[in-house]
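*Asks:* Sequence:
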Amino acid sequence: MFIVRKGDIPLLSRRFKEAASRLLERHEGTPFELRFWGGERLRFGAGAPALSMTFRTRRALCDTVLRGTLGLGEAYIRREVTFEGDLEDALAGLFELARSAGPVRSVRALGSRLPRLSRLSHVAPPPLSLERGAAGLLDALGIGRGSGAARREQRAVERHYGLGNDFYALYLDRRLQTSCGYFRAPGEALDDAQAHKIALVARKLALRRGQRLLDVGCGWGHFMFHAAEAYGVQCLGITLCENQARYIREQAAARRLPVEVRVMSHEELEAEPRWDRLVSLGSMCHAGERRIEVFYDRVKALLAEGGVCLLESVTRARESRWADPFLQEHIVPGYWPPSLQGMASRAEARGLDVLDTENLRRHSALTARCWRKNFLENRDKIARVTGFDAAFMRKWEFYLACAAAAFRTGHLGFMQMVLSNGAPRDYPLARDALHAADEAAPRERAPIVPAAQFSLWGASAPS
1 MFIVRKGDIP LLSRRFKEAA SRLLERHEGT PFELRFWGGE RLRFGAGAPA LSMTFRTRRA
61 LCDTVLRGTL GLGEAYIRRE VTFEGDLEDA LAGLFELARS AGPVRSVRAL GSRLPRLSRL
121 SHVAPPPLSL ERGAAGLLDA LGIGRGSGAA RREQRAVERH YGLGNDFYAL YLDRRLQTSC
181 GYFRAPGEAL DDAQAHKIAL VARKLALRRG QRLLDVGCGW GHFMFHAAEA YGVQCLGITL
241 CENQARYIRE QAAARRLPVE VRVMSHEELE AEPRWDRLVS LGSMCHAGER RIEVFYDRVK
301 ALLAEGGVCL LESVTRARES RWADPFLQEH IVPGYWPPSL QGMASRAEAR GLDVLDTENL
361 RRHSALTARC WRKNFLENRD KIARVTGFDA AFMRKWEFYL ACAAAAFRTG HLGFMQMVLS
421 NGAPRDYPLA RDALHAADEA APRERAPIVP AAQFSLWGAS APS
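Numbering follows UniProt numbering, with no gaps: position 189 of the sequence shown is 189.
Mixed in with the good hints there might be a few duds.
[What the hints assert, rightly or not] Have a look at the derived ranges for each label pair, beta carbon to beta carbon: (1) ARG362 to THR82: 21 to 31 Å; (2) GLU250 to ASP86: 33 to 43 Å; (3) ARG209 to HIS435: 17 to 27 Å; (4) GLY351 to ALA391: 40 to 50 Å.
If you are wondering where the hints come from, they were derived from the structure by calculation, not from laboratory data.
Remember, predicted model here, so these are calculated numbers, not experimental data.
Note that beta-carbon positions come from the ideal geometry of N, C-alpha and C, so glycine has one too.
Build the full structure now, drawing on both the sequences and the hints.
*Replies:* See the structure below:
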């Protein structure tokens with residue numbers, strides 16, 4: 001936590017209010033109100049405020065100004081920042097405010113514009129663990145691509161997806177898809193949207209009987225189950241989480257499917273024989289800024305000549321070394337979204353041809369909204385089953401609401417990109433085939449094994 005000399009706090013508070021008023025005085029978006037612990041209020045936009053945000057303590061304001069989304073999120077967890085109205089709507093309003101402020105794109109950037117802030121001599125950086133400090137030094141020296149970086153990625157993925165299948169089963173869809181769905185209409189059920197998404201990915205890959213498919217970061221395996229059942233494809237999934245692998249093995253055995261899973265990194269997988277099809281639904285972001293180059297090298301090495309792959313990733317407009325600090329600290333350490341331009345340029349630099357791109361941003365917003373709705377409806381059951389405390393529950397709600405707001409406002413995108421390694425074999429010429437009716441939507445031949453049977457945690461789990 002930042003340490004600010006007590007005498008500087010009134011100055012910081014006053015300067016923040018002055019800067020906010022000056023930068024947002026011409027705000028024309030949703031009327032918004034900032035409230036402070038002493039009763040003072042600042043209004044932006046015309047008309048009665050539709051949204052409001054309250055700093056209940058000076059510490060909450062200081063943390064938000066100096067630590068950006070990390071400070072804001074932690075203040076929300078401590079209940080020192082509150083929002084009136086729906087949390088997603090309020091956070092979307094903040095994203096709109098940031099956009100209307102022009103060059104000021106975040107609360108932390110707003111703090112950097114405060115007059116005399118740089119002269120506050122008694123501001124200390126947040127504590128940094130030895131492990132993170134060493135990792136940062138290695139990255140700065142350009143040697144973050146080795147086995148140590150791979151182990152850090154594995155620990156980060158395990159921390160996120162290893163929270164327990166029972167936890168995810170209570171707010172994801174019945175197939176435990178952690179990627180976005182594909183909605184035919186805004187009010188469509190999440191289970192149906194995820195079935196459409198699986199069918200869409202299969203069509204974009206132009207699956208055929210007898211092909212061999214590699215799923216990098218396969219999650220709980222339901223895309224592979226569909227590929228094997230509907231198309232007769234032989235599948236191998238790789239994951240870094242043992243709880244996911246156990247689930248996949250049980251399902252594949254129950255359905256008698258040609259689906260194999262290994263707990264390993266894509267860097268450990270042998271390059272031969274190469275694969276006719278490769279899919280990665282969201283795992284690219286876990287590679288981080290430096291190791292994303294290794295990720296693309298492996299895609300090129302693993303994909304057969306004429307083979308086709310589909311890569312899917314959260315994206316942003318411009319790449320930088322910056323990564324959201326709240327997400328890094330509390331949700332997925334090392335998570336780093338590329339840009340659309342970065343995805344395409346890395347593929348083309350390796351001789352991979354871009355066949356198709358599609359932005360599923362709006363579908364991602366709807367998916368995150370469904371996840372949060374399920375999470376809130378089941379929060380008592382989640383707490384009872386997992387043992388997660390109130391702070392964890394507020395943290396996860398903040399994360400889901402932020403995701404929905406970021407996709408909804410265009411702060412983040414969600415790209416699907418289809419690539420081929422040279423001229424593609426047996427790939428549709430017309431794009432119409434990619435969005436045909438779901439003639440092969442996932443249908444389960446055997447009941448889905450209850451996810452709770454494979455919980456990684458017992459009665460309690462870390463928060």
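*Asks:* All hints, please: hold or fail.
*Replies:* Now for the hints, and whether the structure bears them out:
no.: 1; hint: ARG362 to THR82: 21 to 31 Å; result: holds, 29 Å
no.: 2; hint: GLU250 to ASP86: 33 to 43 Å; result: holds, 39 Å
no.: 3; hint: ARG209 to HIS435: 17 to 27 Å; result: holds, 22 Å
no.: 4; hint: GLY351 to ALA391: 40 to 50 Å; result: holds, 48 Å
Hint violations for this structure: none, all hints satisfied.
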